[in-house]
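Participant: Residue numbers (the working numbering), protein chains in the order written: chain A, 3 to 409; chain B, 3 to 409; chain C, 3 to 409; chain D, 3 to 409.
Since the hints were derived computationally from the structure, they do not count as laboratory data.
Treat the hints with care, as some may be off.
Said to hold, decoys possible - Okay, derived cross-link-like pairs now, DSS-like style, lysine-lysine, Cα gap no bigger than 25 Å in a straight line:
hint	chain 1	residue 1	chain 2	residue 2
1	A	K185	A	K118
2	B	K297	D	K118
3	C	K118	C	K185
4	D	K185	D	K118
5	B	K118	B	K185
6	C	K297	A	K297
Unchecked claim - Here are some of the chain D residues that sit facing chain C, going by a computed Cβ distance under 10 Å:
hint	residue
7	D45
8	V51
9	W174
10	P391
Note that the structure is predicted; figures quoted are calculated from it, not measured.
Built from N, CA and C at the ideal position, the CB exists for glycine as well.
Now for the letters of each chain:
There are 4 protein chains.
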Amino acid sequence: MDFRPSERSKTLTDRVRAFVSEHVVPVEERLMAARRATRSSPDWRTWSVPPEVRELQARARAEGLWNLFLPDPEHGAGLSNVEYAPVAEEMGRSFLAPEVFNCNAPDTGNMEVLHKYGSPEQQARWLGPLLRAEVRSVFLMTEPEVASSDATNLRATALVEGDEVVLNGRKWWTTGLGHPDAKVGIFLGVSDPNAHRHLRHSMVLVPLDAPGVRIERMLPVFGEYDEPYGHGEVVLEDVRLPASAVIGGPGMGFAIAQGRLGPGRIHHCMRCIGAAERALELLIRRSLSREAFGKPLASLGGNRERIADLRMAIDQARLLVLHAAWRLDELGPLGAISDVSAIKVVAPNVLERVVDEAIQIHGGLGLSDDVPLVALHAMARVLRLADGPDAVHRGVVARAELARYRT
Amino acid sequence: MDFRPSERSKTLTDRVRAFVSEHVVPVEERLMAARRATRSSPDWRTWSVPPEVRELQARARAEGLWNLFLPDPEHGAGLSNVEYAPVAEEMGRSFLAPEVFNCNAPDTGNMEVLHKYGSPEQQARWLGPLLRAEVRSVFLMTEPEVASSDATNLRATALVEGDEVVLNGRKWWTTGLGHPDAKVGIFLGVSDPNAHRHLRHSMVLVPLDAPGVRIERMLPVFGEYDEPYGHGEVVLEDVRLPASAVIGGPGMGFAIAQGRLGPGRIHHCMRCIGAAERALELLIRRSLSREAFGKPLASLGGNRERIADLRMAIDQARLLVLHAAWRLDELGPLGAISDVSAIKVVAPNVLERVVDEAIQIHGGLGLSDDVPLVALHAMARVLRLADGPDAVHRGVVARAELARYRT
Amino acid sequence: MDFRPSERSKTLTDRVRAFVSEHVVPVEERLMAARRATRSSPDWRTWSVPPEVRELQARARAEGLWNLFLPDPEHGAGLSNVEYAPVAEEMGRSFLAPEVFNCNAPDTGNMEVLHKYGSPEQQARWLGPLLRAEVRSVFLMTEPEVASSDATNLRATALVEGDEVVLNGRKWWTTGLGHPDAKVGIFLGVSDPNAHRHLRHSMVLVPLDAPGVRIERMLPVFGEYDEPYGHGEVVLEDVRLPASAVIGGPGMGFAIAQGRLGPGRIHHCMRCIGAAERALELLIRRSLSREAFGKPLASLGGNRERIADLRMAIDQARLLVLHAAWRLDELGPLGAISDVSAIKVVAPNVLERVVDEAIQIHGGLGLSDDVPLVALHAMARVLRLADGPDAVHRGVVARAELARYRT
Amino acid sequence: MDFRPSERSKTLTDRVRAFVSEHVVPVEERLMAARRATRSSPDWRTWSVPPEVRELQARARAEGLWNLFLPDPEHGAGLSNVEYAPVAEEMGRSFLAPEVFNCNAPDTGNMEVLHKYGSPEQQARWLGPLLRAEVRSVFLMTEPEVASSDATNLRATALVEGDEVVLNGRKWWTTGLGHPDAKVGIFLGVSDPNAHRHLRHSMVLVPLDAPGVRIERMLPVFGEYDEPYGHGEVVLEDVRLPASAVIGGPGMGFAIAQGRLGPGRIHHCMRCIGAAERALELLIRRSLSREAFGKPLASLGGNRERIADLRMAIDQARLLVLHAAWRLDELGPLGAISDVSAIKVVAPNVLERVVDEAIQIHGGLGLSDDVPLVALHAMARVLRLADGPDAVHRGVVARAELARYRT
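Isolated chain A, as found in the complex (with noise of 0.2 Å):
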């Protein structure tokens, strides 16, 4: 048993380290303070991508730190899971990195998908533009009308009619569907309601523009709309498209989403931990500098205690996540079901109680847009919903736990 990284993955995570305090942080900052001066609007057709992050975007791609989760080593780093996880921590320290480093959702896990499953066809349409960040993607899954955490419950369908498959459904929840650039989607609907419960799903390529396809409203999250990505809500209204569109082909969706969502939890889960180290440092920098009492607030009541738990936290949250990459890389994605589920629920859970804490230590400051804490709440609050909610997660680990020892 050996914690210590390898050294490619070692040297990119101190490069992306370095990367972020230098280049990103600061871009951060600025756009932020200026962003607090006017409110976003609802409108997302006013919304643009501000030109620092193009910049920042080139010059990361230009220093080869540009499509770091990729386990390809022709399109990407090509590290391990296990590998790139300490990578995504240091992403995780910026609301900014991910994207910067053309590492952000739902764009990773969609290029995973086009790069495992998809046709050449589709992989030259829609792969390339992906890798070079001229366009970006979104994912069609969840509805407002059903309890999406049970994906039998979905009622989007996908149904082929001869060499066409027709879109129909709401979707909601589609992150990044506000982006200028957001051209493609994938859609998960129904194509066979009587097959297999694991058969009767497909994911299709459906161009934004395609006719049919209308976005009704974006929704905000704790009151931001996070542009310029946006949360989407949509109509496909019999959306027409070559049955060429299907990933996989016709009923795949179900096995393309398995092996989907391993990585992509994985890379959230990271950059809860490193976003989580974000909040302890700045409780600890704020507790060490701020009095009350006549002290500083670390000496005051139960705050190093807590501070001790936190860190306690945090460094058991990372080992499971580190674990499960590990087990990832080693059993591939269904044989790390169990250890997936597990860091879903234990990163963002533990990234809230982080932020929750720094939060009061700030103050009425730490909930205000000045330090980024209430912004990293959003980020912890929604990952405990977003790719399945806490309760449908402990229930993949207690199956495979009764497993064991049902006979």
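Starting from the structure of chain A, add chains B, C and D where the hints point.
Facilitator: Coordinates of chains B, C and D only, in the frame set by chain A:
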């Protein structure tokens, strides 16, 4: 021991409940839906009071549901704290309700201060208009530079020079400062830094259009500006007022603050209970109507246990608030100081916990503005800091508890 | 709403408090010290009642502090549940006290059953001696083979055959079965498995020396046999009794159990509050007298916050118990069923938490028998299971809560 | 990063697991059943070692499963800490196992001290017999009069007078003091109260039959004396020994203690993980085999969520322990001081939590001696205090964390 409310308390509670559900909630839903269409601007100079609110105020006043918080039977309802508590709980079920019944903070506390300590001249100028809701008021206490939970840290000054008092300082989290009707503030500043620490401060009535008062910005809370109230940052620079603007005389600030905070906190806490009941109702209704894995959410996993735990937590918190109100009635603010600190910790934390579970049951919907859960979360989270963070109130409770055994 | 106890409740509470601290606690300490020298034997046939306990009983009875639990004014003190609750709390401050005042479980519940449902003949034979503490009684309900928290699982039978009733079954956790004065039990068994599930069971008075009753062993709880009471495992094999031994007639078992448990659980819960106060007092006294790192423990780390949290938890639990007692007085056992389940969860858990922190503050001493913390821990831990585990009572609370919103 | 254990670690882990389940567990069950029939006496002079234990030791030694804890390849297995950790975890699944493999505390720590710091003479006299399990040893540190978690509080003295060292003091919680083979102790006392606080103490080898050593009593833990080990209280009065009994020379006590505690604590913590796995297995087996309300307990209420949470907690704790072991191997005891404190908090608390839920699922059975849950609870609860209470270790973690940001 008798847990039955008094007849007049019960009658007013029932009438307020009916008024809120018949008249206030529908308006609130309309206003929130309208607000979803546009984002509020941080520029408070553009804010206005919706005419529906003024109409509701007129109706409430006409029906005698007005100034119910005031124990004085002439200007208010003449209720004791324990009688008012269940009335306030009903108001907590709507964000608009406190304003509608002229029972919202910080006006209620300010009116009580003026009623108890104001000179006839001060009462004539400000108390009357406040009781009639013709003007709104603010309370200028918290300062950005210091941990204001330790009042001895406050740096703002209110120096008496001859027959004038001169105010200097920077205040923030001044709730209501953005309101178009906000005309007056109660300012807390140091008059004599060498006096006993309980005789150092003064409270001064400052018209908000006085020369030297400069509002710098409104602060968002979880991204919301709480328009048209707002939470402001304001600088007072050599604001010169007649010495008669000092309430109760120089050095009386601490004593008045002690008396002001007891009832005010109980109102907040009781509203938390009402808000928690609202959140629990939302949670349960959703858990009964939404299905996953072939069952209503209420029948899945630990959801019933959670509902039971929340019911027990709310009931305990309500009883603790009622008991503190009764102690305040029996023993006065100083005798009930530890009781009031205890509920200040318990009630917002219970509310936060209920809201968190309600969000979780609602899934993505819970994070949007389609349901009021994000707003309820902000209410709870703010109250864990406003009027003193949890840690300070725990310290008060512990001090009282340890004192029982010191020899 | 009035939190002041009635005059007679207050008077009896004060007298019991004084009696316990003057007479009971010193004896308890002597008995515990004596017990430290020898380990009790699991062989209950060797157990005896310390003569000091009989003397204390005589004194309590002479002073009129006797059978205070019984609402009947002739045989008891005629207190309502809300009046008795603070009296019971005082008894909770000593392990001996309930027995001393003839207010210990399960005798109290059994006496109530006999008083409410017993025939004149049953009352003459057993109620009188129990009221005079001449004999002790047990309650034979829980069975080792089945999850007894679900009463429909019970397998023991009480079949009426002509003018006889025949008992068969294995029972355990029969508290008091080892007591030298234990002479009678109330046995719960199925009389008619085909009847409605609330009309299936009967309660039967069984003399413990009846042929066919075989005590097999005493069960330790956290290693303690709770001598001279004990918790027994017993087999009843073809125990034939006259049919007049059935209380209230065949099929009445469930109805009687419902009525029996409400007050009994409130007594337990109120004693938990008293026990929690005792533990908190021990914690605080130790934290003030013991030093580490140059300060009393009370000034170290999060200890003050812990003390505050425990004070808030105890006060809330007490209020919930008092409120449940009041509801029981107002609405009867069925009307207060959810209230009683709520306190059955809350009170033992609060006690366990206080005791845990008290042990922690005491260090190694807290684990020894030199202080009563280990015994208090066992009391709390047992009560999270006895009379139904937490999960079952949470289920009752949830059912009532969900019913409010079902349509 | 690689989570795969080394080949020899894996092999030994597998062999120990097989040995424990085949040979140790059956004996343990027989011994526990026998013990149920009689209570152990507090009089340690009557205690004896069951012959089955000696037989198991002989077998383990013959199979080479002996002194595996010792990193020295000559006397032990030559395993690093991270290699030994999974082996120790397997030993944690049985109370007997550590003794069977000669890997039980405090002998392991004492042997390490002798191995690292002992003079050839000291090693010859004590290390050999300890390695062969011919004698047992104790560690005399904690004192009843002072909070011993702050070592500067210790009052016992070890004064060098000429060529003698004279010991005085009262010690308690001296584990193993009741063992019939306990022949020697390592005594921690102050030699020079005026020296730097890290140079003040000495460790002295004291034969337990030396004149002046007086064992006063054994202390029960949750009512158990842990026969034949026991936890003793002992007085040393003018115990005169040759100065050569001082280990490493006067003033070296603190330095040796630092080195001793790291590995020792990791062994404890790893055994906690094994014990927690045992408790979780018991919990799950019971939840699958026991029914209530028509379903196995595993399908009721929040039980699955609980199982998932416990699995996640155990896995995180294990990883944190393994990581601390790796840090200890890499950085030595001083470099890993905060890591070791962290696991000292985490592991026993996780064990306690798992055991608590396991008791709850077992109902009354869980409180009896028919299952080992009460004993596992005691193990966990003791370890939250032994070797320093949680609060002290949280303090260590917090200090390290704050130091990162101090300027």
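Participant: State for each hint whether it applies.
Facilitator: Outcome of the hint check:
1. A/K185 / A/K118: Measuring from Cα to Cα gives roughly 20 Å; hence the hint holds.
2. B/K297 / D/K118: Violated. B/K297 to D/K118 sits at ~63 Å, over the 25 Å cutoff.
3. C/K118 / C/K185: Given that 25 Å is the threshold and the Cα spacing comes to 20 Å, the pair holds.
4. D/K185 / D/K118: Given pair D/K185, D/K118 holds - Cα atoms ~20 Å apart, limit 25 Å.
5. B/K118 / B/K185: holds (20 Å)
6. C/K297 / A/K297: Holds: C/K297 and A/K297 sit about 16 Å apart, inside 25 Å.
7. D45: Hint on D/D45: holds, closest Cβ of chain C at ~9 Å, below 10 Å.
8. V51: violated (20 Å)
9. W174: D/W174 check passes; min Cβ-Cβ to chain C is 7 Å, inside 10 Å.
10. P391: holds (6 Å)
Comparing the model with each earlier hint shows violations of hints 2, 8; every other hint is respected.
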